[in-house]
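The lines below spell out each chain.
There are 2 protein chains.
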Amino acid sequence: MQARIYVTLKQGVLDPQGEAVRHALGAMGFDGVHGVRQGKLLDVELDAASRDEAEARLREMCEKLLANTVIEDFRVELL
Amino acid sequence: MQARIYVTLKQGVLDPQGEAVRHALGAMGFDGVHGVRQGKLLDVELDAASRDEAEARLREMCEKLLANTVIEDFRVELL
Chain H
1 MQARIYVTLK QGVLDPQGEA VRHALGAMGF DGVHGVRQGK LLDVELDAAS
51 RDEAEARLRE MCEKLLANTV IEDFRVELL
Chain S
1 MQARIYVTLK QGVLDPQGEA VRHALGAMGF DGVHGVRQGK LLDVELDAAS
51 RDEAEARLRE MCEKLLANTV IEDFRVELL
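In the order they appear, the protein sequences are chains H and S.
Position 66 (the first sequence) corresponds to 66 in the working numbering; numbering is contiguous.
Position 54 (the second sequence) corresponds to 54 in the working numbering; numbering is contiguous.
Some hints here could point you the wrong way.
Unchecked claim - Computed far set for chain H versus chain S, every beta-carbon distance over 12 Å:
no. : residue
1   : Val7
2   : Gly12
3   : Leu14
4   : Pro16
5   : Arg51
6   : Thr69
7   : Val70
As the list claims (entries may be wrong) - Distance windows between CB atoms, simulated:
no. : chain 1 : residue 1 : chain 2 : residue 2 : range
8   : S       : Ala49     : H       : Ala48     : 45 to 51 Å
9   : S       : Ala48     : H       : Asp47     : 23 to 29 Å
10  : H       : Pro16     : S       : Ala24     : 40 to 46 Å
11  : S       : Glu77     : H       : Ala49     : 30 to 36 Å
12  : H       : Gly26     : S       : His23     : 35 to 41 Å
13  : S       : Asp47     : H       : Gln17     : 41 to 47 Å
14  : S       : Gly12     : H       : Asp31     : 34 to 40 Å
15  : S       : Gln2      : H       : Glu53     : 17 to 23 Å
16  : S       : Gly12     : H       : Ile71     : 31 to 37 Å
17  : H       : Gly12     : S       : Gly12     : 38 to 44 Å
What the hints assert, rightly or not - With a straight-line Cα cutoff of 16 Å, these simulated EDC-like cross-link-like pairs (lysine to aspartate or glutamate) come out:
no. : chain 1 : residue 1 : chain 2 : residue 2
18  : S       : Lys64     : H       : Asp31
19  : S       : Lys40     : H       : Asp43
20  : S       : Lys10     : H       : Asp15
21  : H       : Lys64     : S       : Asp15
22  : S       : Lys10     : S       : Asp73
23  : S       : Lys40     : H       : Asp73
24  : S       : Lys40     : S       : Glu63
25  : H       : Lys40     : S       : Glu63
26  : H       : Lys10     : H       : Glu72
27  : H       : Lys10     : H       : Asp43
28  : S       : Lys40     : S       : Asp15
29  : H       : Lys40     : S       : Asp31
30  : S       : Lys64     : S       : Asp31
31  : H       : Lys40     : S       : Glu72
32  : H       : Lys10     : H       : Glu55
33  : H       : Lys40     : H       : Asp73
34  : H       : Lys10     : S       : Asp43
35  : H       : Lys40     : S       : Asp43
36  : S       : Lys40     : S       : Glu77
37  : H       : Lys10     : H       : Glu45
38  : H       : Lys40     : H       : Asp15
39  : S       : Lys40     : H       : Glu72
40  : S       : Lys10     : S       : Glu63
These are calculated hints, taken from the structure and not from any lab test.
No residue lacks a Cβ here, since even glycine has one placed at the ideal position from N, Cα and C.
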């Protein structure tokens, strides 16, 4: 089974990486860029008896390893 | 205007980061994970006179800075 996981910073959490990208874009002449927030995406291929089982296992993977749930949100999308 | 950019490794390009995540998941007892490929997502807020202009500018940002087009693909999604 194929899934895509999206990991993004929670609202209100500062994103120095995104800010650095924004400044770099500005320095390259791309004006009018008000905000850049950077996140992760993970394409995972795994065995699962059902879509529900896959979703549950992927959520557990996020909670235990793939996302820092103190500052990040995650979303699991089964493909 | 709000947009989300997805940057992923091209097919065939090795992903040591994804492999490291896969091994870590295995070590934590998540078996049956056959592949993990890691990418980036960027949420961008920018001024643009039209959706076409926004798309064109975002594609140019990807080609010039946000993606390494030798090994990465990118996709622009206007929200």
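These are the hints, each one checked on the structure:
1. Val7: With a cut-off of 12 Å, Val7 of chain H comes too close to chain S, as the shortest Cβ separation is near 8 Å.
2. Gly12: holds, 14 Å
3. Leu14: holds, 14 Å
4. Pro16: holds, 14 Å
5. Arg51: holds, 15 Å
6. Thr69: holds, 15 Å
7. Val70: holds, 19 Å
8. S:Ala49 to H:Ala48: 45 to 51 Å: holds, 46 Å
9. S:Ala48 to H:Asp47: 23 to 29 Å: violated, 44 Å
10. H:Pro16 to S:Ala24: 40 to 46 Å: The hint (40 to 46 Å, Cβ to Cβ) is violated, given that Pro16 of chain H and Ala24 of chain S are roughly 25 Å apart.
11. S:Glu77 to H:Ala49: 30 to 36 Å: holds, 32 Å
12. H:Gly26 to S:His23: 35 to 41 Å: holds, 39 Å
13. S:Asp47 to H:Gln17: 41 to 47 Å: violated, 22 Å
14. S:Gly12 to H:Asp31: 34 to 40 Å: holds, 37 Å
15. S:Gln2 to H:Glu53: 17 to 23 Å: violated, 34 Å
16. S:Gly12 to H:Ile71: 31 to 37 Å: At roughly 34 Å between Cβ atoms, Ile71 of chain H and Gly12 of chain S fall inside 31 to 37 Å, so the hint holds.
17. H:Gly12 to S:Gly12: 38 to 44 Å: With a Cβ separation near 39 Å, Gly12 of chain H and Gly12 of chain S satisfy 38 to 44 Å, so the hint holds.
18. S:Lys64 to H:Asp31: holds, 14 Å
19. S:Lys40 to H:Asp43: Holds, because 11 Å separates the two Cα atoms, which is no more than 16 Å.
20. S:Lys10 to H:Asp15: violated, 26 Å
21. H:Lys64 to S:Asp15: Distance ~21 Å between Lys64 of chain H and Asp15 of chain S Cα, so the pair is violated.
22. S:Lys10 to S:Asp73: Holds, because 6 Å separates the two Cα atoms, which is no more than 16 Å.
23. S:Lys40 to H:Asp73: holds, 15 Å
24. S:Lys40 to S:Glu63: holds, 15 Å
25. H:Lys40 to S:Glu63: Violated: Lys40 of chain H and Glu63 of chain S sit about 19 Å apart, past 16 Å.
26. H:Lys10 to H:Glu72: holds, 5 Å
27. H:Lys10 to H:Asp43: violated, 21 Å
28. S:Lys40 to S:Asp15: holds, 13 Å
29. H:Lys40 to S:Asp31: Distance of about 22 Å is beyond 16 Å: violated.
30. S:Lys64 to S:Asp31: violated, 39 Å
31. H:Lys40 to S:Glu72: With Cα atoms ~14 Å apart, Lys40 of chain H and Glu72 of chain S stay inside 16 Å; holds.
32. H:Lys10 to H:Glu55: It is violated: about 21 Å lies between the C-alpha atoms, which goes past 16 Å.
33. H:Lys40 to H:Asp73: Holds - the C-alpha atoms of Asp73 of chain H and Lys40 of chain H are around 11 Å apart, at most 16 Å.
34. H:Lys10 to S:Asp43: holds, 13 Å
35. H:Lys40 to S:Asp43: The hint holds at about 11 Å.
36. S:Lys40 to S:Glu77: Roughly 14 Å between the alpha carbons, so the hint for Lys40 of chain S and Glu77 of chain S holds.
37. H:Lys10 to H:Glu45: The hint is violated at about 26 Å.
38. H:Lys40 to H:Asp15: Given that 16 Å is the threshold and the Cα spacing comes to 13 Å, the pair holds.
39. S:Lys40 to H:Glu72: At roughly 14 Å apart (the allowed maximum being 16 Å), Glu72 of chain H and Lys40 of chain S satisfy the hint.
40. S:Lys10 to S:Glu63: It holds: about 14 Å lies between the C-alpha atoms, which stays within 16 Å.
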